[in-house]
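One line per chain: the protein sequences are Z and W, in this order.
If you're matching positions, the first sequence starts at 420 in my numbering and goes up one per residue.
If you're matching positions, the second sequence starts at 734 in my numbering and goes up one per residue.
Among the hints, erroneous ones may be present.
Unchecked claim - Each computed DSS-like pair below joins lysine-lysine, with the alpha-carbon atoms no more than 25 Å apart: (1) Z/K540 x Z/K471; (2) Z/K722 x W/K743; (3) Z/K734 x W/K743; (4) Z/K710 x W/K1105; (5) Z/K710 x W/K1057; (6) W/K1105 x Z/K722; (7) W/K1105 x Z/K452.
In case anyone wonders, no lab produced these hints; they're calculated from the structure.
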Amino acid sequence: MNFDDTPQEAEFRKSVRSWLDANAPKQFEKGLKTSGFGHTALEGVDVMKASKDWQRKKYEAGWACLHWPKEYGGRGATPIERVIWQQEEGVYAALSSLFIIGHGMCGPTMMVYASEEHKKKYLPPLAAGENIWCQLFSEPAGGSDLAGLRTKAEKDGDDWVINGQKIWTSGAHYSDYGILITRTDPTVPKHKGLTMFFLDMKSPGIEIRPIKQVNGQSGFNEVYFTDVRIPDHQRLGKVGDGWAVSLTTLMNERLSIGAGMPTGFPELLDFCTTLETGDGPAIDDRNVRSKLATWAVRTSGLKYTAFRSISALSKGETPGPENSIGKLVAGPTMQEIAMFALDLQGEAGALLNPDQAAAKARFQAMLLRSPATRVEGGTDEILRNIIAERVLGLPADIRVDKSVPFNQIPTKGR
Amino acid sequence: MEFDFSDDQKQLKDQARRFLEAKSSPKSVRVILEGPEPYDKALWKGLAEMGFMGTAIPEEFGGLGATYLELCVIAEELGRAVAPVPFASSIFLAAEFILAAGTREQKEKYLPKLASGELIGCMALSEGVANASPKSIQASVAGGKLTGTKIPVLDGNAADFAVVVARTSAGNDARGISLVIVDLKGAGVTRTDVETIDPTRKQATITFAGAAAEPLGAAGEGWNILQNVLDRAAILTGFEQLGGSDRALEMARDYALDRMAFGRPIGSFQAVKHMLADMYVSATLARSNCYYGAWALSTNAAELGEAAATTRVSATQAYQHCSKNNIQVHGGMGFTWEFDCHLFYRRSNLLALSLGSLSIWEDKLIDRLRAKNAA
């Protein structure tokens, strides 16, 4: 029972530290520290440029995409080395958020299913941050029920012709490429008629419309496809095997474990310590303390759960569905914390301008961003199903549409 | 990083589980639940033969001199088996008090017999409704004689001696509090069973009328020593709570798989699946926090206080959550005396109180986090 590195891990950490000491973009450190929860504190900085510059620097020194093979621009590092890198990169990792989907999901999927020629052509620029990739999965008719998607791909000569609509595509508006799951056969049951492709996001016939979110920002998009042509050689996996390919993509999402997910607790503790109420600092209030304690132990529980996963990785074990608890706990906790922090502010809790609101409106930003955390990348309800079915061994849900040809599944509730 | 128990420790845990499955079955727990015996004497003897009581007691005082990590895995299994024995009172409390504050003579006198199970100790703190505070302690020692009443005292009837928290100088503040050891079989001690929510761990009211009191630790240091020992006991008890949480979750899961309603196992309904998933989440967070506590206890870390309060709050919440929802998943049958769900429900609610209630530990946690933040 210890938190110590093995000698090899310590050696690796040392080399990471010394490179970061010499190369990290320290001018952004302070701003990045106070950013988060949909709250950006990098004022007057071109975040896209800063991110690409940092990625390029890492790539040139061999610190990009640690888990990828060297030949495609990675480092061929072990999973535990990747975790050590994440721990040491710390606040600067926020500059990699543009690349998370490309590096964590699209790249690994390409590695399994793309041709050697495509891998050599597309993966190194992705690792270097020259290109940004997105993942075109969710649709208006297929969110949690991804296999209910309706975007059509029809064969025409050596090309496929795509028509339909995707939604909730993070970063589509600045992406160069994307991986796209489509329906190629509506006459078979829904999981069997899917096919995966990758495509150039500048292809004719693609229209991208940003979605204005609850918090006024636009990180997600709707993407419309009108007769978009994709050459057959950009198909990933066999025709009709798209479901299996998408599972590879989603499995990779789960491998990205690092520190525990943020809940907003340290920020709330600071806030309650400094906030003066009529009877002294808020933290002296019994009601406040009780709530703080509950969120403290959840936050601590997530942190040490992550440490247990890291220990398992260190022994060469593969993380499993039990890692679903991170977001399931962090999302609702963040939302509760935001609401409580506003409550402590009285009527002024409604203020949103950082110059007027308490704590530079950090908790207001958290309030307006947190609903998304509970939905994106698996809703709270889907995560509970995963835990119930895959960890506890309970029966899968009864699926009435499972063996029905896709085009005979009812589409209207009433 | 190896934030986990070692293979040897896991093996010890398996060994303890096998032993307790055989010797502390629900059937034998019910003998204590329904009968007059203060604890399961055959099980106690068996635990002593396995050497479990002496696990973390140094070899020079008759123990095995293993680490607290070994004691943590044993605690988890005792909790899983809802073992009806005064293990926590004797080992997590009495032995810890003596290790923390005893003279060499006291260690030599008590520890070997605690390690062998020959002697049973307990803690006498509470003096009625409300959490114990320096103000609530009115039992007093004068001229080596203790006078006052303690209620309730966990394992007070099973124990041979008690570490009593008492006042050695008048007033209301902590500086007047000291610890004394009292022979519960000696003159001036009256013990009476009290009815409680969990008769598998019997409790007593003890009246001291001029009972001989042996000082433990310096006069006036009692409250400080108590806080330190409660922290250590909270981590070990956290593992007991964790073992109980896991078992309650398993029982609920198994029942949900077997019980049919509306033509399907009830475990196929999302309302039930999600309830079980939430129990798993609580138990997992508690496990991770308990490991943090175990690390702090075994390394005597500076963060021991923070880790203890974290463990205590998390494990208490998890066990109460899992045990109450275990009954809910079982439906009406969960409310019968015949089904075992109530053993866990009772124990979870007893353990939630036995070292001071949740609100006290929430306060300790926030005080400690705040102090760390300010540093």
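Results of checking the hints against the structure:
Between Z/K540 and Z/K471 the alpha-carbon distance is near 19 Å, which keeps this suggested pair within the 25 Å criterion. Using a Cα cut-off of 25 Å, the hinted pair Z/K722 and W/K743 holds, with the two alpha carbons roughly 23 Å apart. Between Z/K734 and W/K743 the alpha-carbon distance is near 16 Å, which keeps this suggested pair within the 25 Å criterion. With a C-alpha separation of about 19 Å, the suggested pairing of Z/K710 with W/K1105 holds against the 25 Å cut-off.
Using a Cα cut-off of 25 Å, the hinted pair Z/K710 and W/K1057 holds, with the two alpha carbons roughly 21 Å apart. At roughly 17 Å between alpha-carbon atoms, W/K1105 and Z/K722 fall within 25 Å of each other, so this suggested pair holds. Restraint check for W/K1105 and Z/K452: satisfied, since their Cα atoms lie roughly 20 Å apart, inside the 25 Å limit.
Consistency with the previously given hints is maintained throughout, with no hint failing.
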